[in-house]
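Participant: Taken in sequence, the protein lines are chains H and Y. As numbered in this note's numbering, residues 1 to 333 make up the first sequence, in order. As numbered in this note's numbering, residues 1001 to 1586 make up the second sequence, in order.
Hint data in this document are derived by calculation from the structure and do not stem from the laboratory. Hints should not be assumed to be uniformly reliable.
Said to hold, decoys possible - Chain Y side only, calculated, beta carbon under 8 Å to chain H, not exhaustive:
id, residue
1, S1231
2, T1233
3, K1251
4, T1254
5, D1286
6, S1293
7, D1295
8, N1503
The C-beta atom is built at its ideal place from N, Cα and C for all residues, glycine as well.
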Amino acid sequence: MLVYLIRRLFNVAATLLVVSAVTFGIFFAVPKLTGSDPALMYAGRETSETALQGIRVKMGFDKPISEQYWVFLKGIFVGRDYDAGTEVTHCAAPCFGYSFKSEAPVWQTMLDRMPVTLSLALGAAVIWVLAGVATGVVSALKRRTAIDRTVMVGALAGVSLPIFFTGMVAPAVFVYSLGWLDVSNYKPLTEDPLAWLNSMILPWVTLAFLFAATYARITRATMLEVLGEDYIRTARAKGLKEGVVIRKHALRSTLTPIVTMFGLDLGGLLGGAVLTETTFNFQGLGTAAVAAIGQGDLPVIMGVTLLAALFVVMANLIVDLLYAVIDPRVRLT
Amino acid sequence: MIRRKQALAITAVIAALSLTAACGGNDKKADGSDDKGDKGYSGATASLVNASDAKGGELKLWSPQDVDFLDPARAYYGFVWNLQRLYIRQLYAYDSKPGAAGTKLVPDLAAGEPVLSNDGKTYTVKIKDGVKFEDGSPITAKDFKYGIERVFAQDVLSGGPTYLIDLLDQGQKYPGPYKDTDPNKMGLKSVETPDDHTIVFNLASANSDFKYLLAMPSSSPVPAGKDEGASYTNKPVATGPYKVESFASGKGATFVRNENWDQATDTIRKGLPDKVTFTVTTNPDDMDQRLLSGDIDLAVDGTGVQQAAKNKILKDANLKKNADNPYTGYIRYFAFPQTVAPFDNIECRKAVIYAADPKSLQNARGGPTSGDLGANMLPPGIPGSDKKYDPFNLTSGKPQLDKAKAALKACGKPDGFETTIAVRNNRAPEVKSAESLQAALAKIGVKATIDQYDGKLSSSTIGSPENVKKKNYGIIVMGWGADYNSGSGFLQPLVDGSFILPNGNNNYTEVNDPEINGLFKTAAAAATPEAAAPFYGQINQKVMEKALYLPINFDKALIYHNPRLTNVYFNDSMGRIDLAVLGVGK
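Given these sequences and hints, build the entire structure.
Facilitator: Quick look at the structure:
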């Protein structure tokens, strides 16, 4: 188990290294290779040589690409110095550099935005797993009944409707027309739990609606398949109660693909639920990435990309570890 | 008898129809709105709406665009300059009055008008007594000089306007305070501070626009001891009625009362709300919904509501009375680089101008509420402008194909030619404008290909004359607004030959005409901005005679404000609701 874990962590590190190199290559090296001066992107309307040179030095464009990449990597582990003009300050590890736009450390920006994305992703995940799996199971058990058809039509709608549609309709109906919820903006949980909850309900439901639909359909399909397996027939023949057969035997097997999917989905969302954050004006990691891409703020793009990749590979690792818990046949070696 | 009855019936029907037609004619306007609801519409463009001195409350400002910088030396966005009226002051500022009065500069931190000497080359300004920074320390002449010196540190503080360097460096190559060898960091020679209350600017030649530069945020005082260089943008030191309590890039800022601001020293600002919040949104349609529902007060970016809200406002009298459709000070246009054939030939340029469909171009930008049909290159409000000057009859709103074909013939391309239209990919109205022109040009045999380039790279794409020539960009779509309310502030970067740059160039047509360049010099030497205005009118005429530009429209925006706001008016120098006097009612 320990060897397995060490090997997987090594793989995580290697994956992140590749992701960082590719991202760095795309955003830092490509402009240089195509002969365009990336400093011009930051200069705004005034493009004096003094300003351009200042930007090159500050962003590291004056150094060879390999050195720039090395400085970036080193900063993550040991930090690096930052010249603000008046004084040189040390950016402590993990230092992903400074945003060119805000002059703020990228790591600080990500920490500041992480609670928003965590609130959104985790809350929605609870809803979509519970709702999706429950409806999928009910649908499978009530196969070819009105309940099954109704649930599956709902699931189809959920899969079909894009977030930017449901995200616009939901506030228009529940906030501005019916008035069931207050007009709100994201409030941190630590500041005002009730306002936080009020601001989270619609984004959670909107995001969960999309995922729950997928989970319901997968759960139903897998459950139906499992219910046809020999060991289920054996369990029933042994006289086990139907509830026990479903919970202990059928559901456990059904969960394996669900867990795999959940790990990938949650990992991806933790890196930023871009559409939901944008629609509901949540200043999370997703909107930070979108804004940074719009402005060409390379250090922020690098930081968010790496963090998102970290979430995905770690989620994958956790899922693999969970397999052993869910399915006794799996051994981690 | 029957005939009489029939005649009466016909008369009645005609009368009824005429009445209906007359009513219909009055009701519907070009923008699709009703006249019935026009009471109060655009009221704030001409006068102060909802006057009040009541204090308190929170002014909620939103914007889909983030600030560029809060640092006065680095900010360049127009709406940020408006926001800065809340927390920083300069020697002079635009008066907070509606109409033409709002374009006049009045003393702010200065005790009075500058004293000019040495043939108009020396400006001596006295500083008001009792003015303080947010920490209570007095604002001195050295703080002004230091603030101006920071602009010279372009290696650290890039982003903002650099006019002050152009006028005050005078060959010194001053590197800014961070590399200043003077122990007091007061090494800029053209600015002197004989005492704490006096600052003297020595110009190389007289310049009637210099006061405008002193009114820019980049001329704000900065206390050297509190300067954090590039990081200063996160907590600039306040001199206005509010100070920055918090700021997070991409999220917003909170401004709270500056206890060391004294209303007695300020004739421009009112400082009414207890708190001002600025929120950046990622969803402009949601912002509009909040605005119309009264949850927030104003979309401060000044680009106007989105199409969905626009339709709603124009059809609802109750909403429309809180909306305005002011000029933004911008002009939208096509430029014809003369280095790209066949636009080196004036007749080919004229052919494109005549072939364009002005009404279609206006619709591409969002219809009549997005701006009046452009007639020339100097928008209303800039001294020297004349909206009626329309040498190409563009305000007729129709393509003039006969004239276009005649011009093509005179250009030696009777069957048309091929060219490329360069347009930013992140500006939908500009892309639509390019498509409209492309369709119009096809009617005279000109085949235009649209090249959508990365809008972030404007400086090196269309701003590089070398690249423009290489990519064969015969037509460039762009927009432009003045940095300060003068003909030079608007026209000089566009048409003065000395402003042609290798990168970040705005003189896209690359016009370098000695007569035009000379007129800028003559205007600058004029005693006052008013005396300089006619020269800018002349420059505008020369530019239009050369058919270098096709103006699309004099930009307007449909702005909605929360009816609870007090002292609402559009300042003509900014084309925006002046934040300096806004209050929050109940």
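Participant: Decide, hint by hint, whether the structure agrees.
Facilitator: Against the structure, the hints come out as follows:
Because the smallest distance between the Cβ of S1231(Y) and any Cβ of chain H comes to about 5 Å, under 8 Å, the interface hint for this residue holds. With 8 Å as the threshold, the beta carbon of T1233(Y) comes within range of chain H, its nearest partner Cβ sitting at about 6 Å, so the hint holds. Annotation: interface hint on K1251(Y) holds; nearest CB of chain H at approximately 5 Å, less than 8 Å. For the restraint placing T1254(Y) at the interface with chain H, the shortest Cβ-Cβ distance is roughly 13 Å, beyond the 8 Å limit, so the hint is violated.
Hint status for D1286(Y) relative to chain H: holds, with the closest Cβ pair at about 6 Å, below 8 Å. Taking 8 Å as the C-beta cut-off, the interface hint given for S1293(Y) holds, the closest approach to chain H being about 6 Å. A hinted interface residue such as D1295(Y) counts as satisfied when its beta carbon comes closer than 8 Å to some beta carbon of chain H; here the least separation is about 4 Å, so the hint holds. For N1503(Y), the suggested interface contact is upheld, since its CB lies about 5 Å from the closest CB of chain H, less than 8 Å.
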